[in-house]
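**Q** Residues per chain, in single letters:
Number of protein chains: 2
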Amino acid sequence: MKTYLQNVNAMLLLRRCHRLNPFGPLSIDRNQVAPVVASCAVRLCSSSNDQRFHQHGFSVSWRHVLAGLLAGTGAVLAYGLHHHKAIEKSSPLPIISQEEVTKHRSLKDGVWVTYKGGVYDITEFVSMHPGGEKIMMAAGGAIEPFWSLYAVHNQEHVLDILSGYKVGELNAEDLKKQYTFKSSDPYSSDPERHPVLHANSLKPFTAEPPPEILSDSYITPTAFFFKRNHLPVPQVDPDSYRLHVEGLPRGVLTLSLEELKTRFPKHTITATLQCAGNRRSEMNKAKQVKGLNWGVGAIGNATWSGAKLRDVLLAAGYGPDVAQWARHVQFEGLDKEITGSAYGASVPINKAISEEGDVLLAYEMNGEDIPADHGFPIRVVVPGVVGARSVKWLGKIVVSAEESSSHWQQKDYKGFSPGIDWDTVDYKSAPAIQELPVQSAITTPREGSVIDRSEEMLAAKGYAWSGGGREVIRVDVSLDGGKTWNVAKLKSSDKEGDQTSPPLGRAWAWKLWEITVPLPPEAQELELICKAVDNSYNTQPDTFGPIWNVRGLLGNAWHRVKVKINEDDDEE
Amino acid sequence: MKTYLQNVNAMLLLRRCHRLNPFGPLSIDRNQVAPVVASCAVRLCSSSNDQRFHQHGFSVSWRHVLAGLLAGTGAVLAYGLHHHKAIEKSSPLPIISQEEVTKHRSLKDGVWVTYKGGVYDITEFVSMHPGGEKIMMAAGGAIEPFWSLYAVHNQEHVLDILSGYKVGELNAEDLKKQYTFKSSDPYSSDPERHPVLHANSLKPFTAEPPPEILSDSYITPTAFFFKRNHLPVPQVDPDSYRLHVEGLPRGVLTLSLEELKTRFPKHTITATLQCAGNRRSEMNKAKQVKGLNWGVGAIGNATWSGAKLRDVLLAAGYGPDVAQWARHVQFEGLDKEITGSAYGASVPINKAISEEGDVLLAYEMNGEDIPADHGFPIRVVVPGVVGARSVKWLGKIVVSAEESSSHWQQKDYKGFSPGIDWDTVDYKSAPAIQELPVQSAITTPREGSVIDRSEEMLAAKGYAWSGGGREVIRVDVSLDGGKTWNVAKLKSSDKEGDQTSPPLGRAWAWKLWEITVPLPPEAQELELICKAVDNSYNTQPDTFGPIWNVRGLLGNAWHRVKVKINEDDDEE
Chain A
1 MKTYLQNVNA
11 MLLLRRCHRL
21 NPFGPLSIDR
31 NQVAPVVASC
41 AVRLCSSSND
51 QRFHQHGFSV
61 SWRHVLAGLL
71 AGTGAVLAYG
81 LHHHKAIEKS
91 SPLPIISQEE
101 VTKHRSLKDG
111 VWVTYKGGVY
121 DITEFVSMHP
131 GGEKIMMAAG
141 GAIEPFWSLY
151 AVHNQEHVLD
161 ILSGYKVGEL
171 NAEDLKKQYT
181 FKSSDPYSSD
191 PERHPVLHAN
201 SLKPFTAEPP
211 PEILSDSYIT
221 PTAFFFKRNH
231 LPVPQVDPDS
241 YRLHVEGLPR
251 GVLTLSLEEL
261 KTRFPKHTIT
271 ATLQCAGNRR
281 SEMNKAKQVK
291 GLNWGVGAIG
301 NATWSGAKLR
311 DVLLAAGYGP
321 DVAQWARHVQ
331 FEGLDKEITG
341 SAYGASVPIN
351 KAISEEGDVL
361 LAYEMNGEDI
371 PADHGFPIRV
381 VVPGVVGARS
391 VKWLGKIVVS
401 AEESSSHWQQ
411 KDYKGFSPGI
421 DWDTVDYKSA
431 PAIQELPVQS
441 AITTPREGSV
451 IDRSEEMLAA
461 KGYAWSGGGR
471 EVIRVDVSLD
481 GGKTWNVAKL
491 KSSDKEGDQT
501 SPPLGRAWAW
511 KLWEITVPLP
521 PEAQELELIC
531 KAVDNSYNTQ
541 PDTFGPIWNV
551 RGLLGNAWHR
561 VKVKINEDDD
571 EE
Chain B
1 MKTYLQNVNA
11 MLLLRRCHRL
21 NPFGPLSIDR
31 NQVAPVVASC
41 AVRLCSSSND
51 QRFHQHGFSV
61 SWRHVLAGLL
71 AGTGAVLAYG
81 LHHHKAIEKS
91 SPLPIISQEE
101 VTKHRSLKDG
111 VWVTYKGGVY
121 DITEFVSMHP
131 GGEKIMMAAG
141 GAIEPFWSLY
151 AVHNQEHVLD
161 ILSGYKVGEL
171 NAEDLKKQYT
181 FKSSDPYSSD
191 PERHPVLHAN
201 SLKPFTAEPP
211 PEILSDSYIT
221 PTAFFFKRNH
231 LPVPQVDPDS
241 YRLHVEGLPR
251 GVLTLSLEEL
261 KTRFPKHTIT
271 ATLQCAGNRR
281 SEMNKAKQVK
291 GLNWGVGAIG
301 NATWSGAKLR
311 DVLLAAGYGP
321 DVAQWARHVQ
331 FEGLDKEITG
341 SAYGASVPIN
351 KAISEEGDVL
361 LAYEMNGEDI
371 PADHGFPIRV
381 VVPGVVGARS
391 VKWLGKIVVS
401 AEESSSHWQQ
411 KDYKGFSPGI
421 DWDTVDYKSA
431 PAIQELPVQS
441 AITTPREGSV
451 IDRSEEMLAA
461 KGYAWSGGGR
471 EVIRVDVSLD
481 GGKTWNVAKL
491 KSSDKEGDQT
501 SPPLGRAWAW
511 KLWEITVPLP
521 PEAQELELIC
531 KAVDNSYNTQ
541 PDTFGPIWNV
551 RGLLGNAWHR
561 VKVKINEDDD
571 EE
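Chains as they are written, first to last, in the UniProt record's numbering: chain A, 1 to 572; chain B, 1 to 572.
Okay, chain A solo, but in the shape it has when bound (with noise of 0.2 angstroms):
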């Protein structure tokens, strides 16, 4: 599965290409285009370092389209103007020290930054940054640190952007002292990682597993367990490790890893967490939106033990008087910015106190520690919401009458009307996504499979799941584009013939259906359906062009995949 970013990146390739051929525009097939994407690469590796290359301002013109097709923002196109200008200017450029360099770190003085010995002038730029004013915090200094950190500068056209903002060279002395910093990648020690996983990003490190892998198991294995990251992996010393609760009367409470697991009763859940940007590559079909481009396989299901956050803010003093005040409960992570702000989300605090919310404080992830990339040593475990408020490596608690300030909850993980775009979003109008709406995918055939008509029946096989604890009490499916539907058979555990039910509004794990039917007489293609229930009767919508949103969230629109019927029978 080619994501969204890479089928741009090879576009990018591609017509890099055909520029660089001074014979004419190469004649590629569309199955060729590895290799070809390969050798490109390889020429784009030595002429992103040429920086006279980019000082001659050679055709630059379509890199600033595709750089407004990558950043998602009309803004991104606008600078090419500014871009034309600076280039115009007369070489050679002035040596400038980073005292002077220091000088300019606002919008009135002027934003300088330093990049491999170079100084720019990004001043005009600061407004259309697709990340917003977080630009700011390299003024004055040199980019690298933060492009280390946001590794989604590390595409050729952000340099080309860059370099038509320079206006002079470093002194040498001052040069060699930036190197005496360390430049490690922040990223470097993250954990390895199980190669069937299919990455959207790798810094951070996001990836889902194949669809296949997720009805095979009702609880999906650690390693197969979809990773969303937001920044790199924090290294944690269990034992000098300790969380902080604060917010309420009696002060802050430090635990360390111990206490946490002695001083508290051990709860266990059964919890599926699902990133709300899961089958965002549907929406992306309907009409392109901004995010990693998941397909079905944000999503999994595991058991987690941990205590339980209820017990712990009351061992903190959370009590009535508290309750008369305090509505959220913030969430830090361990994994910080450059600036040393932390990943952070909040809950409800009737979630969070509730005895039912069972919202726990894991160490445990399907029997055993929690592992790096999940949050280890302890990562919070809200069940029945969007996975963004399970804030992993948790070092913090804050009992709050306010949500978080963080970007995830504020800027980010909300949804939208169709008729909003980047130009007219208003954060401040929408909830942070809490509770998610019920949901349910098709895992297995994939798209475009090939059936043979001597089997006779079709089997397929998905995952389906609602926000809230709301159980998903059936799932329909349909062979012929949504015309006819039949009720495929749930299953609550891999037992067989499992049926239990959960304590009502406590449904915290999904179903995985399945469903096994005659292959209709005739037909050569078939247009497979899924659409679960709930015991609230929520149902999913038909189609994503009504629920398309900037960000690309909350995809749960019904799940089609197309397969082909092969009448030859002729394999003897």
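Honestly, the hints are just simulated from the structure, not real lab data.
A portion of the hints provided could be inaccurate.
Note that identical chains are pooled: a pair holds if it fits in a single copy or bridges any two copies.
With a straight-line cut-off of 20 angstroms between C-alpha atoms, the simulated SDA-like cross-links for lysine to any residue are [claimed, not checked]:
| no. | residue 1 | residue 2 |
| --- | --- | --- |
| 1 | K411 | T424 |
| 2 | K266 | A459 |
| 3 | K491 | A430 |
| 4 | K489 | V425 |
| 5 | K483 | T543 |
| 6 | K491 | P431 |
| 7 | K483 | Q288 |
| 8 | K483 | W422 |
| 9 | K489 | G419 |
| 10 | K103 | K134 |
| 11 | K266 | S106 |
| 12 | K562 | S449 |
| 13 | K134 | W422 |
| 14 | K483 | G419 |
| 15 | K396 | E368 |
| 16 | K428 | K489 |
| 17 | K489 | P431 |
| 18 | K483 | T424 |
| 19 | K396 | E337 |
| 20 | K287 | G482 |
| 21 | K396 | P249 |
| 22 | K428 | S501 |
| 23 | K396 | V252 |
Use these hints to put chain B onto chain A, whose structure you have.
**A** Relative to the frame of chain A, chain B by itself:
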């Protein structure tokens, strides 16, 4: 708005007129249906009293088809065969004593009933009765009192069916005795209703207001609040009224109305109640369903005041010991079937006992004593849950390990896959409806409205609500059949600009919405659509076909209203 039942009856009457006219079919314009129906009705009144007309089996075949249409089951169609067999029996029929009739009260001995002096052997019909085994209650006696309770029988085709089973005449003395029983209409003491209500059935009374009334007031005036009775309205003397709370270790707690009002704190909530059949008429268009043909008005929003069910249960001895085994709270109404069994329903114990569940034993609706049609003197109000569980004329509360065994809990108010029909439905396979899915509808403009181009703007209004206390966070409105969407303005009260949010998980009341958008140039017809999103980001499905179910419940697909734009502006 004409209901489905009215349409079928009109069709029945029209077809009968065709038959009765010896000169062939009448030429009838669609617009002339009403007077024709009226004149046919007169003829039918006389003909239905004409015993010989039925006995000679005059033109009965088409009536079987219509009977099937009306009853909605294939079973009734099958009766035709038996019918013909029966009416071929020779006349005159024997005189039979009541003593003899009374001997026939089982399938083994035969099932006989009397009706207006006739004796009928309905043994073969029992299995085909659309109302199921209830018919056995009438075995051996007069059927009239049942038919005055279940007034659906007061249709001519039912008499047609009965006439086919005639086996004799009741002897004159026994017939005289029957008439000494008071044969009053149990619905005769039903209260007066406002004439603006559109009745879907009169006995029991079920009616809805015109949709525009709903969006004209955040609180639905009591007189206009939809009525959905299942049985005659009981007349309850408030002084002798007693509520019995059973199933708890301390024994039965009996409370007078005065005690309910004085022993427990008075709570007031604003909550929307919706019938599970709301919008059935739209689902009916996808494919015929069985049930009252509701428009979009089987929903209303009122303030309710009363004692919290939680408080009453605690006073009656609910405690941790009870929590070990109790799973449901059953409610019984004082509205009774002829057998004496009451309307009944139940809700899960955690909804009933939760502080945040807000289940009330309400004695006030919109600030006044609850009126007779809405449950005087006490009705349960289960906010966030299908109306059928908010039992009116509450007589008994039973804490139990089991759900209510009532017909309405076990064999009605459940949802099924569109692939399930009356032949395959298994009521045990689906849970009783409790929380309802997200819903919205357009109340104005009405279907078929004409808007003058000169008005330039289109103003639309409606309501939106979701079950389970989930707050509606957005309503999207399309003018072009779902291609593009606008965000409507939401109202949480009649106060201008009021955007207060209820506590999380306790959004029991609907939101009204409104939007004013420019009329699209060129367009001659608009397809308006609304769809709502709740704070679990559940949304409504696009179309009715894929959520179709045999009982026509849970109709929450997008609401679509077509309006025409009148380009002429020649009013002067």
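**Q** State for each hint whether it applies.
**A** Hint by hint, here is what the structure shows:
no., hint, result
1, K411 x T424, "within (14 angstroms within a copy, 49 angstroms between copies)"
2, K266 x A459, "neither (40 angstroms within a copy, 57 angstroms between copies)"
3, K491 x A430, "between (35 angstroms within a copy, 16 angstroms between copies)"
4, K489 x V425, "between (41 angstroms within a copy, 16 angstroms between copies)"
5, K483 x T543, "both (14 angstroms within a copy, 12 angstroms between copies)"
6, K491 x P431, "between (33 angstroms within a copy, 17 angstroms between copies)"
7, K483 x Q288, "between (28 angstroms within a copy, 16 angstroms between copies)"
8, K483 x W422, "between (36 angstroms within a copy, 19 angstroms between copies)"
9, K489 x G419, "between (38 angstroms within a copy, 14 angstroms between copies)"
10, K103 x K134, "within (18 angstroms within a copy, 90 angstroms between copies)"
11, K266 x S106, "neither (51 angstroms within a copy, 60 angstroms between copies)"
12, K562 x S449, "within (8 angstroms within a copy, 41 angstroms between copies)"
13, K134 x W422, "within (18 angstroms within a copy, 62 angstroms between copies)"
14, K483 x G419, "between (29 angstroms within a copy, 10 angstroms between copies)"
15, K396 x E368, "neither (23 angstroms within a copy, 51 angstroms between copies)"
16, K428 x K489, "between (42 angstroms within a copy, 15 angstroms between copies)"
17, K489 x P431, "between (35 angstroms within a copy, 16 angstroms between copies)"
18, K483 x T424, "between (37 angstroms within a copy, 18 angstroms between copies)"
19, K396 x E337, "within (16 angstroms within a copy, 61 angstroms between copies)"
20, K287 x G482, "between (22 angstroms within a copy, 15 angstroms between copies)"
21, K396 x P249, "within (16 angstroms within a copy, 46 angstroms between copies)"
22, K428 x S501, "between (38 angstroms within a copy, 14 angstroms between copies)"
23, K396 x V252, "within (10 angstroms within a copy, 50 angstroms between copies)"
Violated hints, in rising order: 2, 11, 15; the structure is consistent with all others.
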